[in-house]
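So in the numbering used here, spot 133 of the sequence shown is number 133, and the numbers just go up one at a time.
The hints are simulated quantities; they were obtained by calculation from the structure and are not laboratory data.
Among the hints, erroneous ones may be present.
What the hints assert, rightly or not - When the alpha-carbon atoms are kept at most 25 Å apart in a straight line, the in silico PhoX-like pairs for lysine-lysine are as follows:
#1 Lys35 / Lys56
#2 Lys72 / Lys42
#3 Lys51 / Lys63
#4 Lys5 / Lys22
#5 Lys194 / Lys38
#6 Lys72 / Lys51
#7 Lys123 / Lys179
#8 Lys5 / Lys56
#9 Lys42 / Lys56
#10 Lys117 / Lys159
#11 Lys175 / Lys22
#12 Lys38 / Lys51
#13 Lys126 / Lys56
#14 Lys198 / Lys179
#15 Lys22 / Lys51
#16 Lys159 / Lys72
#17 Lys38 / Lys50
#18 Lys16 / Lys198
#19 Lys16 / Lys63
#20 Lys5 / Lys198
#21 Lys38 / Lys56
#22 Lys5 / Lys63
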Amino acid sequence: MISSKEDYRYYLEADKIALSVKGSWTDYVFNHVWKFEKYLRKVEYYQNCKKSFFWKPYIYFIKWRFDRLSFKMGFLIPPNVFGPGLSIPHYGTLLVNSGAQIGANCRIHNLVGIATKAGYTEKSAKIGNNVYIGVGVVIIGDVEIADNIVIGANAVVNKSFLEPGITIAGVPARKISDKSSEGLLIRATEIVDKTLAKQN
């Protein structure tokens, strides 16, 4: 969760790397996913760190801009759910419950739903770092997903998978191989950490 200006910059840099944004003018004009993620992080920063009444009008304004972008993109992603290094490859419906906790370097495709346990409003998934979520995946309830897991397209995950570095798929989901997410996503936080270490 973003709790300082340094966190905010870190998250933005990791997201930028995860999305392969080069910083050209075309990215800032035409890359709407990058624009969405920038607003997501801005909302998180101001909501978490700027508590005084002075900031309220600006927070309402950026939330309004964020909501408009969300509607345009088909994303229902609340603040403070995804860790740094979020990669959304393209437009398409994404529904994520506000109770979900998703780690760093997640790559999530369209038509994914991360929902609550039936009868609850915030009992939702806890997903580790470096998790690849394929097209059409549904994750239901307060399940736990370990680090470095691949979730295959159209899987329905309704139980926890605590063994890291595996691939799961199917309806309901089950382990199908020992292949991890290595190579399927950019571990953006590791790149940012190395850059920061060199600067210090």
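Here is what the structure says about each hint:
no. : hint            : verdict
1   : Lys35 / Lys56   : holds, 22 Å
2   : Lys72 / Lys42   : holds, 18 Å
3   : Lys51 / Lys63   : holds, 15 Å
4   : Lys5 / Lys22    : holds, 22 Å
5   : Lys194 / Lys38  : holds, 22 Å
6   : Lys72 / Lys51   : violated, 28 Å
7   : Lys123 / Lys179 : violated, 29 Å
8   : Lys5 / Lys56    : holds, 18 Å
9   : Lys42 / Lys56   : holds, 14 Å
10  : Lys117 / Lys159 : holds, 11 Å
11  : Lys175 / Lys22  : violated, 36 Å
12  : Lys38 / Lys51   : holds, 20 Å
13  : Lys126 / Lys56  : violated, 30 Å
14  : Lys198 / Lys179 : violated, 32 Å
15  : Lys22 / Lys51   : violated, 33 Å
16  : Lys159 / Lys72  : violated, 32 Å
17  : Lys38 / Lys50   : holds, 17 Å
18  : Lys16 / Lys198  : holds, 19 Å
19  : Lys16 / Lys63   : holds, 21 Å
20  : Lys5 / Lys198   : holds, 20 Å
21  : Lys38 / Lys56   : holds, 19 Å
22  : Lys5 / Lys63    : holds, 18 Å
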